[in-house]
Amino acid sequence: MPTLIDRSRVREMLQAGAQLVEVLPRREYDEEHLPGAISIPLREMSRTTTSQLDKSRPVIVYCYDYQ
Amino acid sequence: MSSRAAWRLESLGFTSVFFYHPGKLDWVSAGLPVEGTAAGTPNLGTVARRDVVTCRLNDQLSAVKARMAADPTGPCPVVNDQRIVLGLLRSDAIKANGAKTAEEAMISGPVTLRPNVALEEIDRYLTDHKIGHAVVTTSEGELIGLASADDVHRRHAESAAG
Chain A
1 MPTLIDRSRV REMLQAGAQL VEVLPRREYD EEHLPGAISI PLREMSRTTT SQLDKSRPVI
61 VYCYDYQ
Chain B
1001 MSSRAAWRLE SLGFTSVFFY HPGKLDWVSA GLPVEGTAAG TPNLGTVARR DVVTCRLNDQ
1061 LSAVKARMAA DPTGPCPVVN DQRIVLGLLR SDAIKANGAK TAEEAMISGP VTLRPNVALE
1121 EIDRYLTDHK IGHAVVTTSE GELIGLASAD DVHRRHAESA AG
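Protein chains in written order, with our numbering: chain A, 1 to 67; chain B, 1001 to 1162.
Next comes chain A alone, as it looks inside the complex:
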């Protein structure tokens, strides 16, 4: 079951090697994204687009706000 986390936990997990994924449209990612994040827009999320992620490491997803 996915787990809700806050900003401080995000920072801790990134330092520990978690992967970060922005799920907003690509244009918004190009303008501004969290350091080290990769772009996989929600509408494009598939086995192919997520193959770049390591299933053995935690994955954190985010969008703009509570939408």
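Hints were generated in silico from the structure; no laboratory data involved.
Take these hints with a grain of salt, some might be off.
To be verified - Partial chain B-side listing against chain A, Cβ under 7 Å, derived:
1) 1002
2) 1006
3) 1024
4) 1025
5) 1031
6) 1035
7) 1036
8) 1125
9) 1153
10) 1157
As the list claims (entries may be wrong) - Stretch by stretch, here's where chain A covers chain B in the computed footprint (C-beta under 8 Å, at least three residues):
11) 1010 to 1020
12) 1037 to 1046
Built from N, CA and C at the ideal position, the CB exists for glycine as well.
Add chain B to chain A, keeping to what the hints say.
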């Protein structure tokens, strides 16, 4: 959206999935760095002064006035132990009501703005509403600083001029 994406990843076989629901707005509101083509563009957070004098609800205005001697024209945010903005003391209220407490003289629940607001937008907003200072906070209400309308206007003009 982020929770749906997290569930989608689980459906694709990922077993350690987390979602940062407050998202990018929360991150930039905290003044943390970002990457991308818009990164580094001056915004309200760039202009906001961090070293502002603050006070607590029970502080006497005479004491606040003394602390603000170095910057008597600005307002004074009223904060709690977590630096959450509870109110705002205007400079004229500080000067006029020395015997009162901050709680008695403050504007309760002042308008606060996030640091990622573009300078063009905030310059227009402060001018249209005749606001002298913007109170800049994180999305949780924690004080980041104050930005004067003059500073916003000057930085916006500099930015627009390239």
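A quick look at each hint next to the structure:
Contact between residue 1002 (chain B) and chain A, as hinted, is supported at the beta carbon level, the nearest pair being about 5 Å apart and thus within 7 Å. Here the hint on residue 1006 (chain B) is kept, as its CB sits about 3 Å from the closest CB of chain A, short of 7 Å. Contact between residue 1024 (chain B) and chain A, as hinted, is supported at the beta carbon level, the nearest pair being about 5 Å apart and thus within 7 Å. Taking 7 Å as the C-beta contact cut-off toward chain A, the hint placing residue 1025 (chain B) at the interface holds, the least distance being around 4 Å.
Given hint, residue 1031 (chain B) at the interface with chain A, is violated; its Cβ is 11 Å from that chain's nearest Cβ, farther than 7 Å. Restraint check, residue 1035 (chain B) versus chain A: the minimum CB separation of about 5 Å is within 7 Å; hint holds. For residue 1036 (chain B), the interface hint holds, the least distance from its beta-carbon to any beta-carbon of chain A being 4 Å, beneath 7 Å. Given hint, residue 1125 (chain B) at the interface with chain A, is violated; its Cβ is 20 Å from that chain's nearest Cβ, farther than 7 Å.
Checking residue 1153 (chain B) against chain A: minimum C-beta separation of about 24 Å lies over 7 Å; hint violated. A hinted interface residue such as residue 1157 (chain B) counts as satisfied when its beta carbon comes closer than 7 Å to some beta carbon of chain A; here the least separation is about 23 Å, so the hint is violated. Chain A is given as covering the segment 1010 to 1020 of chain B, and this holds because 10 residues of the stretch bring a CB closer than 8 Å to a CB of that chain, at least three being needed. With 3 residues having a Cβ less than 8 Å from any Cβ of chain A, the segment 1037 to 1046 of chain B passes the three-residue criterion, so the hint holds.
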